[in-house]
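**Student:** Residues per chain, in single letters:
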Amino acid sequence: GQNIDQPTEMTATEGAIVQINCTYQTSGFNGLFWYQQHAGEAPTFLSYNVLDGLEEKGRFSSFLSRSKGYSYLLLKELQMKDSASYLCAVRDQSNSWGKLQFGAGTQVVVTP
Amino acid sequence: DGGITQSPKYLFRKEGQNVTLSCEQNLNHDAMYWYRQDPGQGLRLIYYSQIVNDFQKGDIAEGYSVSREKKESFPLTVTSAQKNPTAFYLCASSIRTGGSNQPQHFGDGTRLSIL
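Note that the protein sequences, when read in sequence, are chains A and B. One point on numbering: in this note's numbering, the residue at position 105 of the first sequence is 1431, and numbering is uninterrupted. One point on numbering: in this note's numbering, the residue at position 71 of the second sequence is 112, and numbering is uninterrupted.
Treat the hints with care, since some could be wrong.
As the list claims (entries may be wrong) - Interface residues of chain B toward chain A, partial, derived using beta-carbon atoms under 8 Å:
| # | residue |
| --- | --- |
| 1 | G81 |
| 2 | G83 |
| 3 | L84 |
| 4 | L86 |
| 5 | T127 |
| 6 | L131 |
| 7 | N142 |
| 8 | Q145 |
| 9 | G148 |
| 10 | D149 |
| 11 | G150 |
As the list claims (entries may be wrong) - Simulated restraints on C-beta separations:
| # | chain 1 | residue 1 | chain 2 | residue 2 | range |
| --- | --- | --- | --- | --- | --- |
| 12 | B | I155 | A | E1381 | 16 to 26 Å |
| 13 | A | V1376 | B | L68 | 17 to 27 Å |
| 14 | B | T127 | A | E1367 | 37 to 47 Å |
| 15 | A | E1367 | B | A102 | 33 to 43 Å |
| 16 | B | T61 | A | G1384 | 38 to 48 Å |
| 17 | A | G1384 | B | Q97 | 16 to 26 Å |
| 18 | A | F1371 | B | G81 | 18 to 28 Å |
| 19 | B | K111 | A | S1393 | 24 to 34 Å |
To be verified - Over 12 Å on every C-beta distance to chain B, these chain A residues come out as not near it, computed from the model:
| # | residue |
| --- | --- |
| 20 | Q1345 |
| 21 | S1353 |
| 22 | P1438 |
Just so you know, these hints were derived from the structure itself, not from any lab. Note that this is a predicted model, so its numbers are computed, not measured. For each residue, glycine too, the CB sits at the ideal point set by N, CA and C.
Please work from the sequences and hints to get the whole structure.
**Tutor:** Below you can see the structure in the form of structure tokens.
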């Protein structure tokens, strides 16, 4: 099975940086995804990591350490529209079709 | 534009009633999924389908049923056996492969409540 842990809520000021951590335990690992979800809306894909290191996409970056079972999503130059829930999801290698296991999400609140 | 369409956006169920949530995709994806989202919890997998005429139970399949008669469509029925159906239901689809970097794409969800 898998356990995925991420903080429940984080608050930051507009223009600042916030780092959302995600730790996981899995019997097999085949990639980690980050999604953004605004309240009552569909999750939208942000980033994918399968090898160790940092992936950068504009204001958003995601880091993975497979040996530590650890990832983080870094949001830079925060904007009010970044207020949302951020979901960490791990793909399990132990099954052939790659089911995703989701964390409970981290609610980010951006204040003026 | 390609995407996933879920309907209705809001749905109310009476006691003892079965209700069906629609999910249609025009992304030409083989795999489709149904998730349930409750406050403070992660998305939990109800059912998934890798190919037409085949589907598998997820982690919380009891009280739900699905069909996959067409590649584009994956309807979910919430039966009267599901005693706590109030939740936000999300449908997703993806390219059918275990090792791909292709993400799952989600519909806008259906919010189901009990009358």
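**Student:** State for each hint whether it applies.
**Tutor:** Status of the hints after comparison with the structure:
1. A least Cβ separation of about 6 Å between G81 of chain B and chain A falls short of the 8 Å threshold, and the interface hint therefore holds.
2. A cut of 8 Å between beta carbons decides the hint on G83 of chain B: the least distance to chain A is about 4 Å, and the hint holds.
3. Nearest Cβ of chain A to the Cβ of L84 of chain B: about 4 Å, under the 8 Å cut. The hint holds.
4. The beta carbon of L86 of chain B comes within 7 Å of a beta carbon in chain A, closer than 8 Å, and the hint placing it at the interface holds.
5. About 15 Å separates the beta-carbon of T127 of chain B from the nearest beta-carbon of chain A, more than 8 Å, and the hint is not met.
6. Restraint check, L131 of chain B versus chain A: the minimum CB separation of about 7 Å is within 8 Å; hint holds.
7. The interface hint given for N142 of chain B holds, since its Cβ lies 5 Å from the closest Cβ of chain A, which is under the 8 Å cut-off.
8. The restraint placing Q145 of chain B at the interface with chain A holds, with a minimum CB-CB distance near 6 Å, inside the 8 Å limit.
9. The closest approach between the C-beta of G148 of chain B and any C-beta of chain A is roughly 6 Å, which is under the 8 Å cut-off, so the hint is satisfied.
10. For D149 of chain B, the interface hint holds, the least distance from its beta-carbon to any beta-carbon of chain A being 5 Å, beneath 8 Å.
11. At a threshold of 8 Å, the smallest CB-CB gap from G150 of chain B to chain A is about 6 Å, leaving the interface hint in force.
12. One distance hint, 16 to 26 Å for the beta-carbon pair I155 of chain B and E1381 of chain A, is violated here, with the actual separation near 42 Å.
13. For the pair V1376 of chain A and L68 of chain B, the supplied restraint of 17 to 27 Å holds, since their beta-carbon distance comes to about 22 Å.
14. For T127 of chain B paired with E1367 of chain A, a C-beta distance near 19 Å fails the hint of 37 to 47 Å.
15. The given range of 33 to 43 Å is broken by E1367 of chain A and A102 of chain B, whose C-beta atoms sit roughly 25 Å from each other.
16. Take T61 of chain B and G1384 of chain A: their Cβ atoms lie about 40 Å apart, and the range 38 to 48 Å holds.
17. Distance hint check for G1384 of chain A and Q97 of chain B: the Cβ-Cβ separation is about 37 Å, which falls outside the suggested range of 16 to 26 Å.
18. One distance hint, 18 to 28 Å for the beta-carbon pair F1371 of chain A and G81 of chain B, holds here, with the actual separation near 23 Å.
19. A beta carbon spacing of about 44 Å between K111 of chain B and S1393 of chain A contradicts the range 24 to 34 Å that was offered as a hint.
20. Every CB of chain B is more than 12 Å from the CB of Q1345 of chain A (nearest about 20 Å), matching its label as outside the interface.
21. Chain B leaves S1353 of chain A outside its interface by the beta-carbon criterion, the shortest separation being 14 Å against a cut-off of 12 Å.
22. The Cβ of P1438 of chain A sits about 26 Å from the closest Cβ of chain B, beyond the 12 Å cut-off, so the non-interface label holds.
Against the hints set out earlier in the document, violations occur for numbers 5, 12, 14, 15, 17, 19.
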